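K.L.:
Here is how the chains run, residue by residue.
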Amino acid sequence: MWPRLNSDLCHCLSSIIKLNFVVVYIIMKKASIIFLIISLVTSCVRNNSDITQPTVTNGNLVLQVGYQFDNTALLFDTIMFTNAASYKISVTRLQYYLSGFSFKRADGTSLPYAGVFYFDAKDSKFGQITFVNLPAGNYTGLSFNLGLDSSINKTDNLPPTAENNNMVWPVQMGGGYHFMKMEGLFIDTGSVFGYAMHLGKAPNLVSISLSNKNFAIGAETANLNIKMNVAEWYKNPAIYDFDKDGNFSMGSDTAMAKLKNNGVDVFN
Amino acid sequence: MRAAFLIFTGILLFANCRQDKTVVDKPNITTDTPLTVYNIDVPYRFSQPLLPAYNPLTVEGVELGRKLFYDTILSTNGRTCSFCHPQAKSFTTTYTDLGLDPALYQQFGNIPMFCNEAWNPAYGWIGEFPDMDHIAVADLNGQIFFNTNIPNLITKLKASPYYSYMFRRVFPGQDIYQPGVIQEKVAFALAQFVRTIVVNNSKFDKKIKGLAVLTQSEGRGYDIFMNDVQNGGADCFHCHNYPLWTDNAFHNTGLDSTFVGINRGRNNMTGLSKDMGLFRTPTLRNVSLTAPYMHDGRFKTLDEVIEQYNSGVHKSATLDPIMTLPGKEMGLGLSIMQKNDLKAFLLTLTDSTILTNPNYGRIK
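Just so you know, the sequences run in chain order A and B.
Going by the working numbering, the first sequence opens with residue 433, and the numbers climb by one from there.
Going by the working numbering, the second sequence opens with residue 12, and the numbers climb by one from there.
Isolated chain A (complex conformation) (with noise of 0.2 Å):
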């Protein structure tokens, strides 16, 4: 009998359990739908109402830069500008490098932004910069280098790509990158001479600011054109003639640092 008993008994305990085991899962059931129900009143009512949306802190800016010669869009590979000593050149390569930027804030601080820029002004895919992660707010100006520092401006320390390669700056004439590399052909008593304005060294770093350069960050990506006026490459405060000054840069340190003074006026 006992067994049997045991074994009635344990039947009943086990129906019991499962019972329990189906009303504990039909309201965790009820319940789970309930709170959903809730969740989404709750969700249509705080979307409707006056609740403050949480507040953007950080927004990206996209940089362009264009290119003119005076007032005009410059136009390559044709021999069209008249530069400040009277030559009329054309621009057949203009690659250089901007890094160092500081974003000036409306509240009058700084925000520097690492890193090193390539630009072709031949090639679309290296004609802007997407700063990204700026913080929320307004700002009144930036400013940057053409070039590298000499923190950076090392024989093979930045990567390896096809465009640094061909930035290199000889070790046999003093190591790091090209800043900038700028060609063309200009006439000169009727015969046409090429010229390359190469731009490289330490002392010849170009320091730019620009002030009035209003944007703001935000939740929508900022916008912000700037220009660079090839034609000052030539002429403030110095004019650059290709007769006097040379129309190979590269080996001159003199005629590099004329270019370099000139730079800081480049954009706008």
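Each hint should be verified, as a subset may be incorrect.
To be verified - Covered, in the sense of this in silico footprint (three residues per stretch, anywhere, with C-beta under 8 Å from a C-beta of chain B), are these stretches of chain A:
no. : stretch
1   : 626 to 634
2   : 655 to 669
Stated by the list, open to error - Calculated from the model, a selection of chain B residues having no Cβ within reach of chain A, i.e. all distances over 10 Å:
no. : residue
3   : Leu-46
4   : His-96
5   : Gln-98
6   : Asp-112
7   : Pro-113
8   : Ile-155
9   : Asp-186
10  : Glu-195
11  : Ser-228
12  : Leu-313
13  : Thr-335
14  : Met-348
15  : Thr-367
16  : Pro-369
17  : Tyr-371
18  : Lys-375
No lab work stands behind these hints, which were simulated from the structure alone.
Fair warning: this is a prediction, and the values are worked out from it, not measured in the lab.
Where a beta carbon is used, it is the ideal one built from N, C-alpha and C, also for glycine.
Please arrange chain B on chain A, whose structure you already have, making use of the hints.
P.N.:
The following block gives chain B in isolation, referenced to the frame of chain A:
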């Protein structure tokens, strides 16, 4: 559920068995086995190779391309790709050595070597081929080199157990045995193989790694190569920059003052006056093994090339600005010793290991 699972499994197994299991010499690999990614070992200071997503490098694709490269199956005249691009000559040769008319230099240009092609953004002397993957299509469709009979090629490929298997393996699920399609797939496989030919084991490469020392003459030549003309150099580096020893750009370096036929250069492709006489900078790797020189093979020796830049520069409206330094309009004006030193340096760019590297040879 259990019964359904068993039925489903049975269907899967049955379907799997019905798939082609052709096996050539790899009994454990089937045409539905995933392809194996081929990774190029990027040499020191090389950029990342330019590999198109539509023709990714795979071990199987490279093998197929290598097999095709040395196979007369592509032609009706017994020629192979290696006929014009023999490994023993750094994957180039001369029309004369092939018994062909030297006039072909004026029609097709100097036969290009294969060297670090995975890093080239464009191909051909004037950049007429935007990618490597379709270059061989022209050879397969033309009558000059292969005279390929496409229907016969398809028949032969289908009949070959190796190719029948490998084409389905490398290009799974594609109906490749159609005129137009087969040429592309053959070209894709060939491009995969050619991209694996990496040349970076020259004396100069070893010098960079500290494993070799240049002689005094080679060192002086290196300095001449790497200095601009104002500093007594030859300003070679602006176009022939390390590590590819080419900027892969187009230049008119003063070979001619008037331009006819093939010598019109990139102008033949673009029609633009600014491109008159411009050609893509060739690499200097293995330059000692790849005579003749220039797009039309006009120079038979390195000495002639150096002399061209030393005293034979021709002025024209598109002459590269780098070549126009006042006082050096005709050339560099190097001394005999400087020219010899420059040549000695150029010889250090020779990597003769690729001439016998078994990875680039005929599949036994």
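K.L.:
Hint by hint, say whether it matches the structure.
P.N.:
Hints, one by one, checked against the model:
1. Coverage of the stretch 626 to 634 of chain A by chain B holds in this model, with 3 residues showing a Cβ closer than 8 Å to a Cβ of that chain against a need of three.
2. Three residues within the 8 Å Cβ limit are the bar, and the stretch 655 to 669 of chain A against chain B gives 0, so the coverage statement is violated.
3. No Cβ of chain A approaches the Cβ of Leu-46 (chain B) within 10 Å, the least distance being about 28 Å, so the stated non-interface status holds.
4. Separation of His-96 (chain B) from chain A is adequate, the least Cβ-Cβ distance of about 24 Å exceeding the 10 Å criterion.
5. Against chain A, the non-interface label of Gln-98 (chain B) holds: every CB pair exceeds 10 Å, the least being about 27 Å.
6. For Asp-112 (chain B), the requirement that its beta carbon stay farther than 10 Å from each beta carbon of chain A is met, with the minimum near 37 Å.
7. Separation of Pro-113 (chain B) from chain A is adequate, the least Cβ-Cβ distance of about 34 Å exceeding the 10 Å criterion.
8. Against the 10 Å criterion, Ile-155 (chain B) stays outside the reach of chain A, whose nearest CB is about 33 Å from its own CB.
9. The claim that Asp-186 (chain B) is not at the interface with chain A holds, since no C-beta of that chain comes within 10 Å of its own (minimum 36 Å).
10. Separation of Glu-195 (chain B) from chain A is adequate, the least Cβ-Cβ distance of about 27 Å exceeding the 10 Å criterion.
11. Against the 10 Å criterion, Ser-228 (chain B) stays outside the reach of chain A, whose nearest CB is about 16 Å from its own CB.
12. Every C-beta of chain A lies more than 10 Å from that of Leu-313 (chain B), the closest at about 21 Å, which supports listing it as non-interface.
13. Interface exclusion of Thr-335 (chain B) from chain A breaks down, the closest Cβ pair being 4 Å apart, not more than 10 Å.
14. The non-interface label for Met-348 (chain B) is consistent with chain A: the shortest C-beta to C-beta separation is roughly 18 Å, beyond 10 Å.
15. Interface exclusion of Thr-367 (chain B) from chain A stands, the closest Cβ pair being 28 Å apart, more than 10 Å.
16. No Cβ of chain A comes within 10 Å of the Cβ of Pro-369 (chain B); the nearest lies about 28 Å off, and the non-interface call holds.
17. The beta carbon of Tyr-371 (chain B) sits about 24 Å from the closest Cβ of chain A, which is more than 10 Å, so the claim that it is off the interface holds.
18. With 10 Å as the threshold on Cβ separation, the claim that Lys-375 (chain B) sits away from chain A holds: the shortest Cβ distance comes to roughly 36 Å.
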